[in-house]
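Undergrad: Here is what each chain is made of, one letter per residue.
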Amino acid sequence: KAGVTQTPRYLIKTRGQQVTLSCSPISGHRSVSWYQQTPGQGLQFLFEYFSETQRNKGNFPGRFSGRQFSNSRSEMNVSTLELGDSALYLCASNSGGAGSYNEQFFGPGTRLTVL
Amino acid sequence: QKEVEQDPGPLSVPEGAIVSLNCTYSNSAFQYFMWYRQYSRKGPELLMYTYSSGNKEDGRFTAQVDKSSKYISLFIRDSQPSDSATYLCAMRKTSGSARQLTFGSGTQLTVLP
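Residue numbers (the numbering used here), protein chains in the order written: chain B, 1 to 115; chain S, 1 to 113.
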């Protein structure tokens, strides 16, 4: 099976702009979670989508949003970018089935730099 | 105070050494525990997960959980240069936000040939 894919891999934006990141989960997986990874805060949970519905949200401002499509692909959007949004954004794929919650597989991430 | 604490290292050991990586946590709601390995410029890779207190072995890796002390460990036997990476502990609860993982800050390990 192909792994989790994320596009683009690298992105440079300026303050005030908005950005959209994409994640394609493992085929057959229905749950996609997003995490932000920074040197200072480590990996922090952003939100999770399952069957096109946001099931859980972390402690991030409303500038961070996401959605999931019927084919389980997910996008996250960050509006009005700030310098502190520079990070590696990771998505994790999970089948969503009972008993599978421990098996979450991460993509390579999108490295966002805000200038 | 963070819910999960992990010694950031860096940790440097000679090839063949036994490596011990540790995390402590404060929230007893955490019931499932994972270890991830992350190479530079890559996403985290799931190594193993465990639920109950005790040991779980997978090849050269052993995960240990002590729920009474809220302490988890990962042991790597016969460490290899290819084990050089950042190791992240992660844990999750069983209800509500069941798929949400809470991570430690990661320990950077270097195995010297």
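Incorrect hints may appear among the rest.
The calculated DSS-like cross-link candidates involving lysine-lysine, where the alpha carbons are at most 27 Å apart (straight line), are [claimed, not checked]:
#1 K13/B to K93/S
#2 K42/S to K56/S
#3 K2/S to K57/B
#4 K42/S to K57/B
#5 K70/S to K56/S
#6 K67/S to K93/S
#7 K57/B to K70/S
#8 K42/S to K67/S
#9 K2/S to K93/S
#10 K56/S to K57/B
If you are wondering where the hints come from, they were derived from the structure by calculation, not from laboratory data.
Undergrad: Work down the list of hints and note, for each, if the structure agrees.
TA: Now for the hints, and whether the structure bears them out:
For the proposed pair K13/B and K93/S, the alpha carbon gap of about 36 Å is over 27 Å, so the pair is violated. About 26 Å separates the Cα atoms of K42/S and K56/S, which keeps this hinted pair within 27 Å; it holds. With a C-alpha separation of about 18 Å, the suggested pair K2/S and K57/B falls inside the 27 Å cut-off, and the hint holds. Of the pairs offered as hints, the one joining K42/S and K57/B holds, with about 24 Å between alpha carbons and a cut-off of 27 Å not exceeded.
For the hint linking K70/S to K56/S, the alpha-carbon distance of about 17 Å falls within 27 Å, and the restraint holds. With a CA separation close to 13 Å, the supplied pair K67/S and K93/S stays within the 27 Å bound. At roughly 25 Å between alpha-carbon atoms, K57/B and K70/S fall within 27 Å of each other, so this suggested pair holds. Distance check on the hinted pair: K42/S and K67/S sit about 31 Å apart at the alpha-carbon level, beyond 27 Å; violated.
Restraint check for K2/S and K93/S: the C-alpha separation of about 16 Å stays at or below 27 Å, so the hint holds. The straight-line distance between the Cα atoms of K56/S and K57/B is roughly 31 Å, outside the 27 Å bound, and the hint therefore fails.
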